[in-house]
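Novice: Sequence:
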Amino acid sequence: MEVPCVRVAREEGEAVRSALADADLIDDDYEIAVEDGRLYIPVADPDAAAGVLEDGEVVSRSVAERDQQTTPADLLAFDPTYERLGRAALIDEDDPERARAIADAVLESDLPVETVLNKASKVKGETRVRDWELLAGENTEVVHREYGCEFLLDLAQVYFSPRLATERHRVAKQVSSDERAFDMFAGVGPFVIPFAKRGATCVGVDLNPDAIEYLRENAARNGVEERVTAINEDVREVATEYADWADRLVMNLPHSADAFLEAAVTLAGDDCTLHYYDIQHEDDPFGPGEQAIRAAAEPEYNVTVETRHTVRSYAPHELNVCLDVRLER
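Its first residue numbered 479, the sequence shown is counted upward by one per residue in our numbering.
Hints are computed from structural coordinates only; laboratory data are not their basis. No residue lacks a Cβ here, since even glycine has one placed at the ideal position from N, Cα and C.
Per label pair, the in silico range of CB-to-CB distance:
no.	residue 1	residue 2	range
1	E611	D748	46 to 56 Å
2	D573	G701	37 to 47 Å
3	P590	D761	37 to 47 Å
4	E760	E513	39 to 49 Å
5	Q546	H759	37 to 47 Å
6	A528	R714	37 to 47 Å
7	S791	E535	22 to 32 Å
8	D545	L612	23 to 33 Å
9	A551	E806	48 to 58 Å
10	H759	D573	25 to 35 Å
Generate the whole structure from the sequences, applying the supplied hints.
Specialist: Here's what the structure looks like:
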């Protein structure tokens with residue numbers, strides 16, 4: 479029978495499937511189909527699905543009905559909340575008995591999961607890592623795939639958010655092969671690696687030595703090590719070495735990126751695109767960031783805000799946003 483499906487290139491399928499799953503739009507009564515390098519993901523509400531898509535289109539297609547798979551909710555008296563990262567399930571439960579029950583149900587279900595981790599602390603410190611309780615599996619290291627890239631990382635040693643996959647892809651699509659791109663807080667490379675795969679020459683800097691080791695590993699895994707330089711340092715100490723170098727800058731440190739704008743201006747070339755991430759109150763989510771950028775860059779640069787983009791809701795009345803800004807000397 480024909481049902482509405484999102485059609486998307488296979489290499490982008492997992493990120494699109496995750497976005498649709500987060501919005502609870504996948505029609506679980508039907509199988510996901512693969513044909514000619516494309517995925518067809520059945521959706522329950524085609525209009526809502528079209529609204530969340532960065533990539534792909536909604537089409538009508540005949541797909542097979544799904545053999546009912548056992549979910550964690552089928553094994554519990556409630557519908558548990560969890561997040562998937564590779565073959566790991568991440569939960570956030572204060573009650574040890576409830577956490578144990580969810581972990582057991584996840585493992586007994588038909589989910590392709592080997593590891594279950596429970597958040598044991600909030601994100602903390604300069605490196606923004608958190609503690610985890612290992613409820614199942616061998617360790618906290620996972621392999622995550624998004625938009626054709628593969629990332630090895632250890633959640634106990636580095637910060638990583640799979641929820642930003644669509645945002646990272648939005649930025650990566652703007653990158654051209656002749657660019658020089660600089661990520662000031664690079665982590666394990668979720669911006670750097672896709673930039674380099676598009677042919678850009680990239681530098682990634684991070685204070686966390688473990689993140690830089692994973693960045694180097696991920697550059698090799700994705701075949702872009704010759705185009706990636708990874709530096710374990712405070713970016714303010716590195717900026718003068720790369721003065722006037724960057725055609726594109728990423729500043730994804732939303733609580734305190736403004737403290738690094740002087741370094742960003744040092745790094746920027748004559749014509750540079752800056753992706754500046756911020757968290758602000760919903761009443762004026764973009765104003766403080768734009769003011770800070772202008773204060774740091776003018777009059778040396780003409781500052782043009784090209785995109786004001788809301789990434790996601792961060793907390794009640796607070797938004798995680800991105801300003802795409804062009805700096806022209």
